[in-house]
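*Asks:* Protein chains in written order, with this note's numbering: chain A, 1 to 298; chain B, 1001 to 1338; chain C, 2001 to 2352.
It is worth saying that the hints were derived from the structure and are not from the lab. Since the model is a prediction, treat every value here as computed from it, not as a measurement. Watch out, some of these pointers could steer you wrong.
Quick partial rundown of chain A residues pointing at chain C, CB under 8 Å, derived from the structure [as the list claims (entries may be wrong)]:
id: 1; residue: Trp56
id: 2; residue: Pro59
id: 3; residue: Thr185
id: 4; residue: Arg188
id: 5; residue: Leu190
id: 6; residue: Ala195
id: 7; residue: Ala201
id: 8; residue: Leu204
id: 9; residue: Thr205
id: 10; residue: Gly213
id: 11; residue: Asn214
id: 12; residue: Leu216
With the Cβ distance kept under 7 Å, some of the chain A side facing chain C (calculated, not the full set) [said to hold, decoys possible]:
id: 13; residue: Tyr23
id: 14; residue: Glu191
id: 15; residue: Tyr192
id: 16; residue: Asp194
id: 17; residue: Met198
id: 18; residue: Ser199
id: 19; residue: Gly200
id: 20; residue: Ser203
In silico lysine to aspartate or glutamate, EDC-like type, Cα no more than 20 Å apart, as pairs [stated by the list, open to error]:
id: 21; chain 1: C; residue 1: Lys2105; chain 2: A; residue 2: Asp194
id: 22; chain 1: B; residue 1: Lys1179; chain 2: B; residue 2: Glu1204
id: 23; chain 1: C; residue 1: Lys2218; chain 2: B; residue 2: Glu1274
id: 24; chain 1: B; residue 1: Lys1116; chain 2: B; residue 2: Asp1142
id: 25; chain 1: C; residue 1: Lys2057; chain 2: C; residue 2: Glu2257
id: 26; chain 1: C; residue 1: Lys2057; chain 2: C; residue 2: Asp2216
Glycine residues also receive a C-beta, built at the ideal position from the N, C-alpha and C atoms.
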Amino acid sequence: MSDILAQTTTVPALDLKPRSNNYWIGVLRRISRDRLTVICATVLLALILIALLAPWLIPADPYKTSMIRRLLPVGSPGHFLGTDELGRDMIARLAYGGRMSLLIGVMPVLIAFVIGSAVGIFAGFAGGRINMAIMRLLDVFYAFPSVLLAVAISGALGQGTTNSVLALTLIFIPQLTRIAESATTQVRTLEYVDAARMSGASSLTIIRVHILGNVLGPIFVYATGLVSVSMILASGLSFLGLGVKPPEPEWGLMLNTLRSAIYLNPLVAALPGAMIFITSMCFNLMADGIRSAMEVNE
Amino acid sequence: MNDSPISPPLVSVTDLTVTFGGRRPVHAVNGVSFTVGTGEVLGLLGESGCGKSVTLRSLIRLHPPKRTTYGGRIQIDGQDILAMSEDQLSRYRGSVTSMVFQEPLLAFDPVYTVGKQIAEAIRRHTGIDASAARTEAIRLLDRVQIPQAAERFQAYPHEMSGGMRQRAMIALALSCRPKLLLADEPTTALDATVQIQILLLLRELQREMGLSIIFVTHDIGVAVEISDRVAVMYAGRIIEQGPIAEIISAPAHPYTQGLLSSTVTQGMRGTRLEAIPGAPPDLAALPPGCAFAARCRYAGADCVESVPDTGADAGREVACFHPLPPPLHEGAADAHAR
Amino acid sequence: MTTDTRPLSVAEDRGGPAQPILLVKGLRKHFPLGSGFFNRNRGAVHAVDGIDITVPKRTTLGIVGESGCGKSTTARLLARLIEPDSGEVIFDGEGVGIPNGMPLKELRRNLQLVFQDSFASLNPRMTIERAIAFGPTVHGVGMRDAIERSRSLLDRVGLDPTRFGGRYPHELSGGQRQRVNIARALAFNPRLIILDESVSALDKSVQAQVLNLLMDLKEELNLTYLFISHDLNVVQYISDAVMVMYLGQVVEVGPVEEVYRHPRHPYTKALLSAVPSLDPHRRTERTPLSGDPPNPINPPPGCRFRDRCPQAHAVCAGIAPERITVGPGHEVACLLADAASGHPDATGRNDR
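Could you build the full structure based on these sequences and the hints that come with them?
*Replies:* Shown next as structure tokens:
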């Protein structure tokens, strides 16, 4: 009987005001009411701005080492957040490190979003055997845990930023393709797509006009959530020495090199980890907020 | 058929209101009163959003408690439903009153066989042992005319056809020998050939067990087949009620008349349908007067100002300031219009 | 009022009034069961199993039957939303789906479809005036002209374009959305519209409005309708001829009054008596048919209705009845109507 309780009686909304309501304006309005999502978005925006404007905002040089100022604690004069194991200023390292970390967090997802959406929408719209061939091929990637796969691919490609971006992109393509495919398959069976076919429009026109607008939203939300995964994996690769090369500042790499100082100066050693944590959590919460703002329909 | 003056009616609903909360509260039911006698079948007739299902579900308080506000009084078999605790309510559901829905798949758990669920309900209610409950469940399945009931006892809900599932749900609903059966459009999703079978079955069971039934439907034909009396709802109010034969032959409320004339029946071919113009009002912004006034061709200034009361008159109630006179001959309604 | 800002002109009437607008012969579609690697050949759903249809110009043909009888599959086959396994479709003298026949794009300009679910058949992210304008733009009409035409069509179906044109589907009621779907079909200036349970989901008072609109449009624009519905009263009201389907086959077809007054097939009789009575003094007392409509999976040989037929006889298992003419335009596929069939209760062709 409990299922019946969930089945609430909906009351049809009839004759509303004669204004037209743009869907995306509605989504933005709902997001703006959601305090948590707004806070997360603000934090992310601030992090991105700090990373971008680091050369102008931060006076200290992130590469300048100093043997006598190694591992200064948080709150030291001149080095507000302390220094790392080579005496480099932590504020500068974290700000500059954000550039690389955000880049390798966002880039793979962005590339995978484009490729995955294209492949997934094609597979979903084509249906039948083509769909099955594409999806079964991608299932092969699912057979491996993504962390392992990332390590394996970057290990094979060799150390370097480009290679770790490439490795992460390859991991995210199957996931995004699957989301795009299922969203498209679902939309394709709706009668308005049949109605569009009845207009004599070509498949490309139908995808462009009737499918894209209805599937890109859900794919985008999923991709936003993947940014946090990407950042953590990228940090993991750097930590293992497979990603960014020292002395380049990057949060995952910093976490690795500061590891030895964890007993000497735990607070400083935890800072890059905290940055990774905050950023990825913000991306995750923001994705959730956008998702629920987009679901309110009807 | 009508409530006798000696015994009180089984169901007596007085001035029931149901409001769903939220930023724009929706007044789904706005002061509904009716009674149902023992062994009587009341049809609740109306179009989507008129509050007929909401009213029905209120009788076992099925609405989510957090966002629902009830008002008025519901008395069933001497018990005050709106004052019951959750414990009392769960004992009352199924034993005194039980319900059949439009979609039987929702009433059954997909992972257990239909027979097991019915037997379980019997055991919980009567406390008899498993094998006796099984025998009783098979008897019930047979009673609702499920062929090869003993074999069907083992069937899972998804293995049954729509009509069979609906029969099984009726068996489940009757398993605890309720006095009142609430039916929420149980035949709407079925083919006409199956629908009539279910209606006849319900009628037969009702007579045999002396059941009272409240049957919600949007289909006048279905209401005619099943009900003794009918209450027509519009925008959360009962606008007319009375014996089915009188309502059909002499509707007094302009909405009832409009509903009847816009329902396509045999012999209407070649005539233009008399549709009711416009659409029902928004339940979150009801007008102060009669909710039908904006669509009514007989409406006057009084209709816009206040809500008409139901004037009782020998078992017939009409909530209208300008009710239609009983037709003396064909075309009486037209004469009234002029 | 005139609807004509016609950037898309109505296709010319080729064969004259005597030539049927739609002629279908032996239309067939089986859906194979089980599409995995290991379970091929478990049989097939015989959704539409060799049906013939003739629709004269400017008439309405109603198609009735229980769920699973193939009504909706027929609609989709005719619109070529699914490819038939076999069968000939001729639209006003021109073959469809054959080399040198009528191109698909041309067919769909002339033949439009209105679905049952008014919400699912509109793109939720598109304003209704754009949804209606989309079709003509595909056929080369400029966006501005298409929108202008869309607004005049909205007006024609009874929706004020300035008030409704910029709205999204979820901001309309079911009846209003179905008007939009009709307007979208009209935007092509089609000659045949298939209405697949298009008024079934609407409330009665709204249904009457939409039926009136459909009758007016048919008169005004010389339309032909294929009206698919499970509601026998509505079919009787709107159709000139009616076709009764059972498990993918046509069991009876004929002028609507003739079939309703003198049904010859036991199934048609049962369907008609299953319609709820509107007279409280004459309620239905006996069920005309027992059991549910069967699945169209691997139907048995012989007459497909024989399991549920009150007049079935041993011969019905052996012979699949052919359609025979029992009156002007009235055909029935039942051994009872054929005196030579060997069925003991069979009567002659012209015997009533």
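*Asks:* Please verify that hint: serine 203 of chain A, Cβ, nearest Cβ of chain C, below 7 Å or not.
*Replies:* 12 Å, violated
*Asks:* May I ask you to test the interface hint for alanine 201 of chain A with respect to chain C, counting a Cβ-Cβ separation under 8 Å as satisfied?
*Replies:* 4 Å, holds
*Asks:* Does leucine 204 of chain A meet its interface restraint, that is, does its C-beta lie within less than 8 Å of any C-beta in chain C?
*Replies:* 12 Å, violated
*Asks:* Does the closest beta carbon of chain C sit nearer than 7 Å to the beta carbon of methionine 198 of chain A?
*Replies:* Where the cut-off is 7 Å and the nearest Cβ of chain C is about 5 Å from methionine 198 of chain A, the hint holds.
*Asks:* Restraint: glutamate 191 of chain A near chain C, CB-CB cut 7 Å. Satisfied or not?
*Replies:* 4 Å, holds
*Asks:* Have a go at the serine 199 of chain A hint: is there a Cβ in chain C nearer than 7 Å to its own Cβ?
*Replies:* Result: holds, 4 Å to nearest chain C Cβ.
*Asks:* Can we keep the proline 59 of chain A interface hint, with Cβ of chain C closer than 8 Å?
*Replies:* Since the shortest Cβ distance to chain C is 49 Å, the answer is violated.
*Asks:* Identify whether the interface hint at tyrosine 192 of chain A stands, where standing means a beta carbon of chain C within less than 7 Å of its own.
*Replies:* 5 Å, holds
*Asks:* Against chain C, is tyrosine 23 of chain A within 7 Å by beta-carbon distance?
*Replies:* 6 Å, holds
*Asks:* Lysine 2057 of chain C and aspartate 2216 of chain C were given as a pair; does the straight-line alpha-carbon distance stay at or below 20 Å?
*Replies:* 16 Å, holds
*Asks:* For the pair supplied as a hint, lysine 2218 of chain C and glutamate 1274 of chain B, is the alpha-carbon distance within the 20 Å limit?
*Replies:* Judged against 20 Å, a Cα distance of about 18 Å means the pair holds.
*Asks:* Using Cβ atoms only, decide whether aspartate 194 of chain A comes closer than 7 Å to chain C, and label the hint accordingly.
*Replies:* Nearest chain C Cβ about 5 Å off; hint holds.
Hints 1, 2, 3, 4, 8, 12, 20, counting from the list given before, are not met by this structure.
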